[in-house]
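**Student:** Take these sequences, add in the hints, and give me the full structure.
Residue numbers (my numbering), protein chains in the order written: chain A, 32 to 366; chain B, 32 to 366; chain C, 32 to 366; chain D, 32 to 366.
Treat the hints with caution; some may be incorrect.
In this list, chains with the same sequence are indistinguishable; a pair is considered to hold if it fits within one copy or across any two.
[Stated by the list, open to error] Derived DSS-like pairs (lysine-lysine); straight-line CA-CA distance at most 27 angstroms:
hint : residue 1 : residue 2
1    : K136      : K148
2    : K332      : K195
3    : K153      : K332
4    : K136      : K195
5    : K296      : K332
6    : K148      : K195
If you're looking for bench data, these hints aren't it; they were derived computationally from the structure. Owing to the predicted nature of the structure, the values given are computational and were not obtained by experimental measurement.
Number of protein chains: 4
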Amino acid sequence: MIRVAILGATGYSALELVRILLKHPEAQITALTSRQEGNPHIAMVHPSLVGRIDLRCENLEPSAVAARADCVFCCLPHGVVTSWVPPLLAADVRVIDLSADYRLKDPEVYTKWYALKHGDTKNLPRAVYGLPELYRSQIREARLVANPGCYPTCAALALGPLLKAGLIEPRGIIIDSKSGVSGAGRELKLTTHYPECNESVSAYNVGTHRHTPEIEQTLAAFCGQEVEIIFTPHLIPMDRGILTTAYSTPRGSVSEDQLKETLQKFYADEPFVRVVDHLPGTKDTCGTNFCHVTARLVRGKVITISCEDNLVKGASGQAVQNMNLMFGFPETMGL
Amino acid sequence: MIRVAILGATGYSALELVRILLKHPEAQITALTSRQEGNPHIAMVHPSLVGRIDLRCENLEPSAVAARADCVFCCLPHGVVTSWVPPLLAADVRVIDLSADYRLKDPEVYTKWYALKHGDTKNLPRAVYGLPELYRSQIREARLVANPGCYPTCAALALGPLLKAGLIEPRGIIIDSKSGVSGAGRELKLTTHYPECNESVSAYNVGTHRHTPEIEQTLAAFCGQEVEIIFTPHLIPMDRGILTTAYSTPRGSVSEDQLKETLQKFYADEPFVRVVDHLPGTKDTCGTNFCHVTARLVRGKVITISCEDNLVKGASGQAVQNMNLMFGFPETMGL
Amino acid sequence: MIRVAILGATGYSALELVRILLKHPEAQITALTSRQEGNPHIAMVHPSLVGRIDLRCENLEPSAVAARADCVFCCLPHGVVTSWVPPLLAADVRVIDLSADYRLKDPEVYTKWYALKHGDTKNLPRAVYGLPELYRSQIREARLVANPGCYPTCAALALGPLLKAGLIEPRGIIIDSKSGVSGAGRELKLTTHYPECNESVSAYNVGTHRHTPEIEQTLAAFCGQEVEIIFTPHLIPMDRGILTTAYSTPRGSVSEDQLKETLQKFYADEPFVRVVDHLPGTKDTCGTNFCHVTARLVRGKVITISCEDNLVKGASGQAVQNMNLMFGFPETMGL
Amino acid sequence: MIRVAILGATGYSALELVRILLKHPEAQITALTSRQEGNPHIAMVHPSLVGRIDLRCENLEPSAVAARADCVFCCLPHGVVTSWVPPLLAADVRVIDLSADYRLKDPEVYTKWYALKHGDTKNLPRAVYGLPELYRSQIREARLVANPGCYPTCAALALGPLLKAGLIEPRGIIIDSKSGVSGAGRELKLTTHYPECNESVSAYNVGTHRHTPEIEQTLAAFCGQEVEIIFTPHLIPMDRGILTTAYSTPRGSVSEDQLKETLQKFYADEPFVRVVDHLPGTKDTCGTNFCHVTARLVRGKVITISCEDNLVKGASGQAVQNMNLMFGFPETMGL
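**Tutor:** Written as structure tokens, this is what we have:
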């Protein structure tokens with residue numbers, strides 16, 4: 032049994048972590064942090080947790096967290112995490128960061144997209160990108176895991192194996208993603224006010240979404256070549272789920288069967304990726320750590336379609352999958 | 032053609048007023064106010080109005096509004112309107128107030144429920160409650176109309192005629208209402224943040240909702256007796272619509288047919304109330320100024336079910352209906 | 032480890048059972064039945080199960096099911112189950128029936144509300160109503176459990192303890208319930224066609240819903256007196272969840288604190304009922320086996336508000352809770 | 032005042048036509064047809080029409096319809112309309128067909144995509160494609176208008192002017208569209224059963240959607256060159272609205288400003304197309320006949336984003352716009 036702390040407990044990824052960890056046989060939540068005044072009970076913040084966990088949100092220092100936890104999940108905003116990681120690692124605590132701070136290998140790329148100087152370039156090289164389907168062995172040894180973004184997970188799992196197999200061109204890939212509103216977080220904004228976004232679909236951050244370089248870096252890691260994408264996220268009137276429709280150009284002559292078989296083979300032993308023949312919907316993966324993927328060849332273009340629950344495989348479920356790997360538990364435990 | 036101004040143009044009832052008035056053959060919008068900085072074009076505030084109306088939101092004084100308008104719709108919060116009404120009336124402008132400030136006849140009841148001293152007790156007695164089905168002739172003569180609340184309209188239209196006919200007891204009436212989220216306004220709140228209220232239903236303000244005394248006053252006006260209700264509003268994951276299920280006790284022996292016939296007779300000549308046999312749903316009235324009503328007799332209790340679009344018959348549509356009456360236009364014009 | 036079969040595997044309660052049982056450490060699903068042609072793989076019927084369970088839907092006889100299972104969940108329509116139960120019980124299989132066939136003790140009441148002669152009056156007296164909060168010890172010994180309806184569970188858990196404590200009158204209780212659309216099942220109907228029920232709320236089966244006698248029977252069992260209710264269900268545009276707002280008359284002088292304390296005391300040791308101070312929303316219980324309950328005293332009426340996930344505590348979760356009791360597993364196992 | 036009939040009155044586009052025409056000052060609905068037994072009153076079929084129109088759905092012959100109408104809207108399924116058009120045209124009635132039967136100029140293309148031999152190749156050449164922004168003058172003279180599909184309207188309005196101006200390549204255009212569920216019609220299907228499609232997004236008919244050749248034909252008409260697209264429609268959990276995100280390759284060096292200005296110029300005098308700077312959402316056009324369009328240049332690709340209400344500009348609103356043109360009414364009348 033390991034002791035687990037969650038930093039930034041008031042948001043949706045933290046709530047999802049609590050939900051999952053409450054049923055995890057080898058992990059016990061021992062600390063929750065937030066800067067809310069008055070140390071509110073977590074069930075005041077998330078009423079679905081009434082009578083299921085008896086912890087308050089505390090405004091703790093890193094040393095206090097380190098004293099209580101073997102593993103820390105950071106659900107803090109980017110830019111804040113870099114001040115937490117050094118003391119936690121120094122105290123021999125393993126860290127899984129759900130923010131973007133340790134995902135991009137190149138701090139200049141980070142600065143370009145996040146408009147911030149990276150606050151911990153010392154530990155940045157030690158961070159392992161927490162996509163088990165690509166980096167499983169490194170994750171097992173990692174002290175610091177950068178948990179992938181929701182869109183990058185969904186896009187990379189569909190496109191990665193095809194790029195690796197050399198079936199599609201690494202440039203000019205169009206990634207059109209559709210996400211539920213929980214992906215925008217719990218902070219109040221007009222765009223996520225119910226009567227504004229309900230019964231509506233819109234694109235946002237066209238050409239500027241920060242997951243763009245993360246997707247490119249991850250796909251490049253799959254295929255060993257530079258990758259260039261056009262990424263367009265859309266807001267969909269539903270709580271959870273991401274569907275990613277990606278359009279790429281085949282390299283030479285490729286059949287639809289070849290696309291599916293390549294995916295099938297790559298994921299044959301993966302516990303959480305399913306290659307399907309039909310066109311999957313986000314509801315098929317809702318509430319689970321699964322990602323469903325399929326591929327089509329249409330008029331000389333490769334279309335991949337993948338879906339996941341953005342809060343599970345796209346965030347907290349994958350974080351627990353990483354925890355399982357880091358601590359030697361069965362990878363699917365509690366998931 | 033009359034000139035119309037809308038105070039507080041950034042909210043949903045103002046947007047609905049603009050939508051309706053843009054198609055009204057006898058009204059022209061000449062001024063929109065808000066306290067937003069920089070006098071934003073109304074289409075920046077409500078993107079659905081792009082290219083349909085060329086006005087900015089201005090921070091105007093009452094005198095400036097009066098110089099530009101024959102009729103003013105107040106979409107301001109309660110407590111603010113009372114400083115606008117005296118100068119507007121003095122300038123001979125007719126006012127339709129969508130806030131609660133002039134609805135309750137007794138300023139002490141207002142103070143009790145709104146925790147505010149009434150700011151304009153002088154004009155309060157001149158205000159006519161703008162429910163045309165009850166006060167049509169007074170509305171025609173009114174200079175100041177208090178436009179009814181969304182819940183009171185829906186409840187009163189179902190229960191009023193039955194009370195008036197002496198078919199139900201005026202005490203112990205249970206009113207269980209279900210409203211779409213637009214009823215909560217455009218102000219950001221956690222309770223109306225999409226991932227909080229989507230896929231969920233909850234009661235709110237149980238026993239304390241401010242429409243309670245307004246419903247009682249309106250029903251008492253129908254039947255000439257004191258009325259006592261228990262009112263429970265619920266938040267429903269949809270944009271628009273109110274469904275009100277009310278439970279009352281029959282006075283003596285009453286049949287279901289008698290209930291329906293009483294309603295049918297009362298509304299025989301009404302342009303916007305329809306008595307139906309089936310169980311109506313809010314979608315039946317969505318986007319229209321109609322209210323659908325039916326009644327059932329179940330195990331010795333009278334159940335009335337009524338529905339409306341909270342932004343139309345429950346707010347802006349009824350306001351335009353009142354404007355039509357006040358200015359001698361056909362009552363249904365533009366609706 | 033027990034072997035489990037699910038009859039009628041194509042509907043939503045069956046899917047929910049599979050989801051829960053896949054994570055249950057002491058149960059293994061060994062058979063799924065349906066009358067669909069061609070014995071489709073269950074993942075063809077429910078695509079969310081791809082790669083998670085490798086069983087087909089088979090058109091099996093009772094004897095074949097009995098040979099493969101220690102416990103059978105019936106997710107068949109009412110009227111059909113009574114031909115399955117006798118052979119299953121005879122083969123010493125324990126049965127948990129999610130239909131209404133064994134819920135009503137009096138076959139004449141069954142006939143009145145379901146317009147059917149009861150097909151198995153011999154076993155009817157042996158059936159235990161599967162509400163653990165009321166019948167836990169009998170469930171432990173039962174061979175046949177009638178799993179409660181979704182509405183009866185939600186209503187009974189709120190009202191039962193107050194009736195039992197003599198705090199409210201057993202007659203004239205008004206139960207106004209709001210349910211998500213999954214409660215209407217997977218059969219295609221115009222009323223549950225997306226563009227018909229989305230963005231709409233309506234009442235249905237007013238005065239005629241078949242859960243009426245079931246709620247009355249359950250509440251009567253709590254308090255030992257005849258109970259009479261008025262029950263009005265409403266369809267809410269969401270997938271899951273029931274919120275029940277019930278209005279009753281206090282017996283003598285009762286305070287709000289007394290109401291809450293009575294509930295608190297009654298449920299102090301219950302694993303799945305939480306008495307809360309705030310007004311709960313269905314989302315608080317979504318995806319869990321919990322029921323949240325609160326009470327208010329408003330103008331001399333008692334208002335109880337309770338919520339649950341209709342597919343979990345209102346159906347399949349409670350069914351697994353019953354299975355746990357029947358087989359001596361910890362009551363919360365897998366839930 | 033013209034007399035109008037609607038064939039196939041039970042579906043959503045017919046309902047939308049009725050709603051619009053009820054407020055149209057120059058059109059009167061005189062006949063509604065359907066093959067439903069018993070000639071149900073239209074308000075039994077569409078309860079939102081209670082008390083607003085007093086017509087029954089009749090099973091009429093073409094001659095009976097022709098005797099009652101100057102203009103006929105066909106809301107029948109494709110393949111059926113071709114038996115109605117010849118007698119109606121012969122009787123000098125003008126026809127606006129909302130099905131696909133007269134949209135594709137080449138009957139072989141029709142046969143290829145609809146798997147049907149065209150039933151009226153004689154009148155096919157007389158049909159004018161009812162996109163006023165492209166064919167306004169021909170529509171004015173037309174006796175038979177093929178009202179465009181919902182997806183083709185939204186895609187063509189965004190891409191057409193850019194193709195016409197030679198700013199983008201006519202081949203390899205990727206069109207990723209997102210539609211509300213009303214686009215799938217009122218026929219019951221599992222994919223549009225509420226609990227299946229709510230809270231989910233999925234692609235459908237990938238590579239095979241029948242609007243593909245229609246979009247290509249329309250875009251080719253804009254630019255006078257052959258056009259090839261990849262079209263992927265998605266089902267979004269909302270009632271109404273289409274958002275189309277299209278990706279194309281610029282021809283030579285093009286700036287984002289140039290793209291917007293070209294659109295702005297093309298639509299400068301159009302009553303129903305608005306070129307916006309921000310990223311539009313479907314809600315901005317909901318319930319209106321408007322289409323909002325914008326363009327971006329991202330990493331060397333042109334992205335256009337357009338939205339409309341699929342039942343208004345994508346069907347019935349555009350049909351009324353066509354009627355206005357055909358009968359010499361102001362183009363925006365009633366819209």
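**Student:** Next step is simple, just say for each hint if it's right about the structure.
**Tutor:** Tested hints:
Proximity of K136 and K148 under a CA criterion of 27 angstroms is satisfied intra-copy only: 13 angstroms inside one chain copy versus 59 angstroms between copies. In this assembly of identical chains, the alpha carbons of K332 and K195 lie at most 27 angstroms apart whether taken from the same copy (17 angstroms) or from different copies (25 angstroms). Taking the shortest Cα distances, K153 and K332 never come within 27 angstroms of each other, neither inside one copy (43 angstroms) nor across copies (37 angstroms). Taking CA atoms no more than 27 angstroms apart as the test, K136 paired with K195 passes inside one copy only; the shortest distance there is 20 angstroms, against 44 angstroms between copies.
For the identical chains of this complex, K296 and K332 are intra-copy neighbours only, at 21 angstroms inside a copy versus 33 angstroms across copies, given an alpha-carbon limit of 27 angstroms. For the identical chains of this complex, K148 and K195 are neighbours neither inside a copy (32 angstroms) nor across copies (45 angstroms), given an alpha-carbon limit of 27 angstroms.
Of the numbered hints stated above, those contradicted by the structure are hints 3 and 6, listed in ascending order.
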